[in-house]
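Visitor: Residue-level listing of the chains:
2 protein chains.
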Amino acid sequence: MASRTQPARGMRDFLPLEVRRREYVIRIIREVYESYGFEPLETPAVENIETLLGKYGEEGNRLIFKILKRGEHEKSGEADLALRYDLTVPLARVVAEYQHQLPPFFKRYQIQPVWRADRPARGRFREFYQCDVDVTGSRSMIVETELCAAASDALEKLGFSDFIIRLNHRQALGGLLDRAGVERAQHEAALVALDKLDKIGVEGVRAELAERAISAEAAQRLLNFFREAAEVERAAEFVGDESCPPQAASNRAVLGRLLEFIGDHESGARGVEELRQILDYAEEAGIGARLKLDPSLARGLSYYTGAIMEINVSDLAGSLGGGGRYDNLIGMFLGRDVPACGFSLGLERIIVVMTERGMFPPDLERAPVDVMVTVWDAAGAGESLALARALRRAGLRVDVYPETHKLAKQFKYAAARGIPFVVVAGPDERARGEVALKDMRSGEQRAVHREALATAIKESLAR
Amino acid sequence: MASRTQPARGMRDFLPLEVRRREYVIRIIREVYESYGFEPLETPAVENIETLLGKYGEEGNRLIFKILKRGEHEKSGEADLALRYDLTVPLARVVAEYQHQLPPFFKRYQIQPVWRADRPARGRFREFYQCDVDVTGSRSMIVETELCAAASDALEKLGFSDFIIRLNHRQALGGLLDRAGVERAQHEAALVALDKLDKIGVEGVRAELAERAISAEAAQRLLNFFREAAEVERAAEFVGDESCPPQAASNRAVLGRLLEFIGDHESGARGVEELRQILDYAEEAGIGARLKLDPSLARGLSYYTGAIMEINVSDLAGSLGGGGRYDNLIGMFLGRDVPACGFSLGLERIIVVMTERGMFPPDLERAPVDVMVTVWDAAGAGESLALARALRRAGLRVDVYPETHKLAKQFKYAAARGIPFVVVAGPDERARGEVALKDMRSGEQRAVHREALATAIKESLAR
Numbered sequence: 000m001a002s003r004t005q006p007a008r009g010m011r012d013f014l015p016l017e018v019r020r021r022e023y024v025i026r027i028i029r030e031v032y033e034s035y036g037f038e039p040l041e042t043p044a045v046e047n048i049e050t051l052l053g054k055y056g057e058e059g060n061r062l063i064f065k066i067l068k069r070g071e072h073e074k075s076g077e078a079d080l081a082l083r084y085d086l087t088v089p090l091a092r093v094v095a096e097y098q099h100q101l102p103p104f105f106k107r108y109q110i111q112p113v114w115r116a117d118r119p120a121r122g123r124f125r126e127f128y129q130c131d132v133d134v135t136g137s138r139s140m141i142v143e144t145e146l147c148a149a150a151s152d153a154l155e156k157l158g159f160s161d162f163i164i165r166l167n168h169r170q171a172l173g174g175l176l177d178r179a180g181v182e183r184a185q186h187e188a189a190l191v192a193l194d195k196l197d198k199i200g201v202e203g204v205r206a207e208l209a210e211r212a213i214s215a216e217a218a219q220r221l222l223n224f225f226r227e228a229a230e231v232e233r234a235a236e237f238v239g240d241e242s243c244p245p246q247a248a249s250n251r252a253v254l255g256r257l258l259e260f261i262g263d264h265e266s267g268a269r270g271v272e273e274l275r276q277i278l279d280y281a282e283e284a285g286i287g288a289r290l291k292l293d294p295s296l297a298r299g300l301s302y303y304t305g306a307i308m309e310i311n312v313s314d315l316a317g318s319l320g321g322g323g324r325y326d327n328l329i330g331m332f333l334g335r336d337v338p339a340c341g342f343s344l345g346l347e348r349i350i351v352v353m354t355e356r357g358m359f360p361p362d363l364e365r366a367p368v369d370v371m372v373t374v375w376d377a378a379g380a381g382e383s384l385a386l387a388r389a390l391r392r393a394g395l396r397v398d399v400y401p402e403t404h405k406l407a408k409q410f411k412y413a414a415a416r417g418i419p420f421v422v423v424a425g426p427d428e429r430a431r432g433e434v435a436l437k438d439m440r441s442g443e444q445r446a447v448h449r450e451a452l453a454t455a456i457k458e459s460l461a462r
Numbered sequence: 000m001a002s003r004t005q006p007a008r009g010m011r012d013f014l015p016l017e018v019r020r021r022e023y024v025i026r027i028i029r030e031v032y033e034s035y036g037f038e039p040l041e042t043p044a045v046e047n048i049e050t051l052l053g054k055y056g057e058e059g060n061r062l063i064f065k066i067l068k069r070g071e072h073e074k075s076g077e078a079d080l081a082l083r084y085d086l087t088v089p090l091a092r093v094v095a096e097y098q099h100q101l102p103p104f105f106k107r108y109q110i111q112p113v114w115r116a117d118r119p120a121r122g123r124f125r126e127f128y129q130c131d132v133d134v135t136g137s138r139s140m141i142v143e144t145e146l147c148a149a150a151s152d153a154l155e156k157l158g159f160s161d162f163i164i165r166l167n168h169r170q171a172l173g174g175l176l177d178r179a180g181v182e183r184a185q186h187e188a189a190l191v192a193l194d195k196l197d198k199i200g201v202e203g204v205r206a207e208l209a210e211r212a213i214s215a216e217a218a219q220r221l222l223n224f225f226r227e228a229a230e231v232e233r234a235a236e237f238v239g240d241e242s243c244p245p246q247a248a249s250n251r252a253v254l255g256r257l258l259e260f261i262g263d264h265e266s267g268a269r270g271v272e273e274l275r276q277i278l279d280y281a282e283e284a285g286i287g288a289r290l291k292l293d294p295s296l297a298r299g300l301s302y303y304t305g306a307i308m309e310i311n312v313s314d315l316a317g318s319l320g321g322g323g324r325y326d327n328l329i330g331m332f333l334g335r336d337v338p339a340c341g342f343s344l345g346l347e348r349i350i351v352v353m354t355e356r357g358m359f360p361p362d363l364e365r366a367p368v369d370v371m372v373t374v375w376d377a378a379g380a381g382e383s384l385a386l387a388r389a390l391r392r393a394g395l396r397v398d399v400y401p402e403t404h405k406l407a408k409q410f411k412y413a414a415a416r417g418i419p420f421v422v423v424a425g426p427d428e429r430a431r432g433e434v435a436l437k438d439m440r441s442g443e444q445r446a447v448h449r450e451a452l453a454t455a456i457k458e459s460l461a462r
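As you go down the protein sequences, you meet chains A and B in turn.
Start counting the first sequence at 0; every next residue gets the next number (numbering that gives the first Met the number 0).
Start counting the second sequence at 0; every next residue gets the next number (numbering that gives the first Met the number 0).
No lab work stands behind these hints: they were computed from the structure.
Among the clues, some could well be false.
For identical chains, the list gives no copy identity; a pair is met inside one copy or between any two copies.
[Claimed, not checked] Under the rule of at most 20 Å between Cα atoms (straight-line distance), these lysine to any residue pairs were calculated in the SDA-like manner: (1) K408 x G136; (2) K74 x N60; (3) K457 x I350; (4) K291 x H99; (5) K405 x P102.
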């Protein structure tokens with residue numbers, strides 16, 4: 000019986016056109032990241048299991064793919080290794096391991112797959128690529144700004160014009176919750192509820208806060224704040240002018256409201272001040288209109304300590320990417336804290352949206368070769384190989400039909416594959432040092448001297 | 000306590016320079032493969048475990064990394080998934096799954112990591128990249144020839160000039176063993192012993208054949224053949240002339256001896272005929288001098304059915320790559336046979352040799368950025384971000400120093416990283432619409448108008 004031939008659940012095979020599309024997106028992201036001075040890093044797909052456990056919260060632990068011990072230990076049913084779950088924890092490990100080889104500010108990008116045993120759904124896979132940029136070693140808000148600018152440039156270069164980078168701050172959030180009267184032990188539960196404001200609305204969040212045993216008074220204060228923030232935001236959009244465009248005006252208004260609510264709450268006020276700094280820098284970095292201050296943005300990962308960001312477009316429920324500051328994670332490996340901040344673009348979702356919107360350049364669908372050399376007969380196969388060699392040396396991409404089928408069948412194959420040129424070296428042509436060159440697009444066929452063949456094809460292709 | 004920070008056993012982190020070297024090699028291999036009309040394919044790192052089990056022999060099964068079932072099934076200690084062990088079995092699965100979407104001759108390349116729980120050693124890792132090219136759908140020896148030519152071109156383009164592609168044929172080997180009187184059931188055991196001829200010599204192989212219960216008479220006949228083949232090979236090398244260079248003369252002589260020994264053994268003679276065909280085609284494809292007929296080459300994998308190849312250089316014990324024809328493997332997935340032949344280059348070993356021989360272009364060690372913009376003070380940070388943005392728009396790779404440290408410290412950082420240009424925008428310069436541009440290589444510093452900055456840097460870099 001033949002074996003199953005589908006890929007494993009939630010995993011995908013990428014046929015040539017899909018690989019080309021993925022490589023196109025990766026190439027552009029990489030070029031932009033490099034223009035910001037980020038350098039490439041790669042880490043193994045497999046990590047020691049204790050490197051990953053306890054870094055992603057309860058849910059994360061559950062979704063990690065674990066690898067059985069080998070040999071005589073296989074029977075124990077225990078795992079000692081696990082598949083990479085994100086690119087941030089391996090970076091933290093790397094910064095700890097190679098601290099003396101890396102520059103004080105390590106700006107790295109990493110574009111590699113990660114694996115999560117999540118329930119597969121539309122746009123959610125068990126193997127997917129992340130495109131991360133991170134800077135370690137600095138607490139400056141220049142870092143947050145440059146990360147947002149790099150992600151923004153990458154999306155623009157891919158052809159996106161309608162995305163928004165939502166911005167918030169974990170410490171501002173903490174101040175907000177404190178001021179509203181949510182107890183510290185309930186902060187995390189409150190954040191999970193708040194994060195759904197967009198999806199389930201004010202009353203939905205109120206119900207969820209109650210469910211999570213947060214007092215009705217605290218809930219009311221929180222929801223009042225968000226209602227007022229939304230109001231000042233809307234009002235400010237209409238007063239924008241040349242010196243302060245609508246998005247900037249609205250961000251300033253929300254920032255003002257936030258500071259008012261948080262007052263002299265120390266870490267909260269520091270968070271708001273960092274947000275103000277990022278918004279100011281963003282104007283000068285040319286991405287002011289992209290940033291939208293959103294006090295309800297929470298983001299799931301537990302390791303964030305400062306600013307958090309998320310990129311959205313209107314026609315996608317999830318985000319195209321996100322990130323934030325995590326000043327304590329490297330310390331879990333190194334024993335002393337190293338500040339860090341990062342941004343991750345989700346390759347799969349970018350590709351989903353680009354495919355739906357038809358954003359890929361059409362030349363990715365071009366035939367994989369410029370010219371196919373036919374094989375006249377068994378005795379002529381050598382001549383075809385020699386021709387192919389000469390054409391490749393001239394820089395062309397060349398296929399040799401591998402069988403001595405009838406020429407009509409060989410031409411049909413070339414046509415089906417969209418190959419623009421076909422070369423025939425029959426005995427008559429060979430005797431004259433010529434070949435027949437057929438332009439499959441025009442149907443025109445002509446005799447060309449062997450020596451002139453590569454040039455003839457290149458000239459036709461350039462037309 | 001800080002966690003362990005080394006990568007898992009046998010796995011490696013690749014810091015920026017190493018990634019650049021790997022990408023350089025991969026880019027060249029990919030370009031050459033594409034010039035032969037191969038198209039990219041990618042498959043998941045994780046396969047259903049039954050896809051892999053039973054395809055690589057006993058040893059292979061043992062070396063497969065197995066993934067624990069998840070959720071409530073985790074406790075069972077059972078595995079349902081496994082890590083990719085090579086790129087050939089996934090290709091066979093893909094050809095079976097997408098048979099109606101793929102062209103009749105599917106020429107694909109695939110450059111991805113594989114995982115084997117092997118004992119780590121010099122040049123042997125548990126995660127390593129393979130660079131495979133395969134053609135499915137044809138039994139023509141044009142395929143073998145093109146595969147050898149592509150691998151040869153790739154190595155030449157990387158700067159290798161001293162490699163040899165050893166060539167043999169499973170059916171010729173079978174005929175040889177039959178004729179020598181080795182029983183069919185002992186063929187595999189005999190091949191394992193023969194494969195070591197280079198390493199352990201004639202008497203070593205004789206002892207190993209005896210150990211594997213192969214009769215002394217059969218062993219004697221086999222070893223006689225190899226002794227004679229080596230003699231005709233050496234003799235022929237001296238009679239090579241312009242019309243038949245030494246390698247071709249020696250191949251022909253060995254081929255003649257092989258045919259003589261195998262006689263009218265049907266499949267054996269067919270194998271020899273295919274070898275003759277490949278050697279003839281190879282002359283026309285321009286790789287005649289690279290191919291060396293080696294009747295003792297066996298190769299480990301059990302799925303080969305026809306020609307087998309292996310690439311060696313003198314200063315590496317193992318091979319740089321290898322491959323062969325496997326006409327039955329796809330049938331294990333599809334239920335009907337589809338002929339196939341492939342070649343795999345080993346990225347890690349290529350990099351080991353290139354590193355030892357100093358074959359990488361020096362510009363891979365260039366600084367990752369063209370220019371660093373310093374930050375004068377907190378108030379000037381925005382101006383630095385705006386400058387960086389303008390320089391990036393002009394196509395330069397730009398770093399912004401993230402902190403308001405003393406300028407001397409910022410310059411020191413740029414020097415340590417080998418960054419060729421540093422820009423300072425102090426208050427005086429800013430007032431004049433200028434910046435100070437320092438060429439870190441010459442030490443020369445000059446005032447440049449903001450608008451002229453990108454051009455000034457580009458001109459200096461081009462010099």
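Visitor: Take the hints in turn and mark each one as holding or not.
Guide: Each hint tested on the structure:
no. : hint        : result
1   : K408 x G136 : between (63 Å within a copy, 15 Å between copies)
2   : K74 x N60   : between (23 Å within a copy, 15 Å between copies)
3   : K457 x I350 : neither (32 Å within a copy, 34 Å between copies)
4   : K291 x H99  : neither (38 Å within a copy, 48 Å between copies)
5   : K405 x P102 : between (63 Å within a copy, 18 Å between copies)
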